[in-house]
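Chemist: With the hints as constraints, model all of the structure from the sequences given.
Those sequence lines, one after another, are chains A and B.
Per this note's numbering, the first sequence starts with residue 6, numbered consecutively.
Per this note's numbering, the second sequence starts with residue 6, numbered consecutively.
Read the hints as simulated data drawn from the structure, not as lab findings.
All figures in this text were calculated on a predicted structure; none of them were measured in a lab.
Treat each hint with caution, since some may be false.
Copies of the same chain are indistinguishable here, so a pair counts whether it falls within one copy or spans any two.
[Said to hold, decoys possible] With a Cα cut of at most 25 Å, we get these calculated DSS-like pairs of lysine-lysine:
(1) Lys-116 to Lys-87
(2) Lys-87 to Lys-47
(3) Lys-113 to Lys-293
There are 2 protein chains.
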Amino acid sequence: MRRLSSSKVIYEFSSDNEPAYKVNQGEPVIVETQDCFSGKVKNPKKLFEDVAMGDVNPATGPINVEGLVAGDTLCVSINKIKCGALGVMMCSPNVGFLSDDVRKSRTKILKIHSDKATFSPGLEIELRPHIGVLGVSPSKGKHPTFYPGDYGGNMDTVEVAAGSKVYLPTFVDGAMVAMGDLHAAMGDGEISGTGVEVSGEVTVRFTRSEDIQAARPLIETRTHWITYAAANTLEEASRRASSDLVRLISSRSGMDFEEAYMLASAVADLKISQVVDPLMATRMSISKRYL
Amino acid sequence: MRRLSSSKVIYEFSSDNEPAYKVNQGEPVIVETQDCFSGKVKNPKKLFEDVAMGDVNPATGPINVEGLVAGDTLCVSINKIKCGALGVMMCSPNVGFLSDDVRKSRTKILKIHSDKATFSPGLEIELRPHIGVLGVSPSKGKHPTFYPGDYGGNMDTVEVAAGSKVYLPTFVDGAMVAMGDLHAAMGDGEISGTGVEVSGEVTVRFTRSEDIQAARPLIETRTHWITYAAANTLEEASRRASSDLVRLISSRSGMDFEEAYMLASAVADLKISQVVDPLMATRMSISKRYL
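Modeler: In structure tokens, the structure reads:
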């Protein structure tokens, strides 16, 4: 299988970016990714303040997907995520949701095993491997890879994981996908500003979606459909994600808006993806059995 | 077992309320509850606009718990929730998270079966029975039962369910608990403004908690600890719920704030309870295995 090396990365999603790789639709590739600190944090003495913001969230790519044209919806099928052997976590008075309460920056290095990570001696945490940054070229502007948006970006959403498909709108020919910032684990919210940050490899295929027309990221897991939105406030993000979900129900089931809205209120979960990126991101999830 | 009839209800949590019932600590009782419309919506012709706000969320009680004094933490152990046979859902241009998109008010009556409800012909939804309103007398003011707060109230949180314990601060002697607004099902967010609203019966015990000191509602399920907070914005509620969770980890494990904060960021989920009450409520959940 072709490997796309993590030596070629972007730190901004921008329509000015030149393609680093070109892949065919449907071709399985392994995308190698650096961790969110560009591999520069190897021990607990390196604190958040020692990391240049320009080194945060390298995303491997951009990858030009053959035959996609601006306006198509890209489908990213995630087959496998392999995490590196070491994870990094941080907290700091200068970043994160409860930064005011942090007295002193701290960095933690965690050993990653096959299905657990060692948080501290005797305290093993369950892995939940997912891709933090997954996006395409936006139509305009330069968007640092630590921001999320309608083009994807720093999605920090636990279902961007093996077995899922992520649908993204495209704004330029070839989509120009990039990805990185793998997490071996992260809780919804990512409140300290980091999950368990790892380098790794993602086995993935890119295709044009024939049936989905996405204006924002949309995630399909084996069991659920999940709409996603990022905005300045959780309320605004929630309004977009929930509105998208009601319209998804409506378009797939033929229910009118009011009926779909009540169904969502009864069975769909509005969730927080993260509160630190620095936009807020939410998602809304409904079991496929209802669609 | 003693039954507390739903003929005695409050529509405001207030320290001026007189006790309707008196129960002993540890005594199992069945609390009968009216649905959130005081039983006045029996068919789909009754729209939201036909319901007086003064009829919304009757809460059975107040129940004076023998021997509890102001400042104690009340533990409400929920043993069983039995839902009534009919559920009500509504949407309206005048209420709910996406009210601007609703063209016309609608009411839906659902048949409730043992573990499903019929949303429409052929569309069965899974039940997730829980108590919408559960609260104690606040220290001052009159708080309509459709508001949530540090005293509980309209919590609309799916884990306030059978098998859970809910810890509440108390502000008056006897706690003066009231409950109602059962939901046969509800998705996180409760975006249309209703879950599947039912009358019902709750089998419950009230005790003084000896080891927990709660300043806000705290939920213990069989598997998780869940902090809860309501505020004007999702951000503010999230900050309180996540701060409470980090402090809970810290007090139970002996970790300092920074360590507990990173653990929460790695394994605890910040979630939305509801976005319509009209304050916003969030919660943060951590598996007991980490504490």
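Chemist: Which of the numbered hints above does this structure break?
Modeler: none
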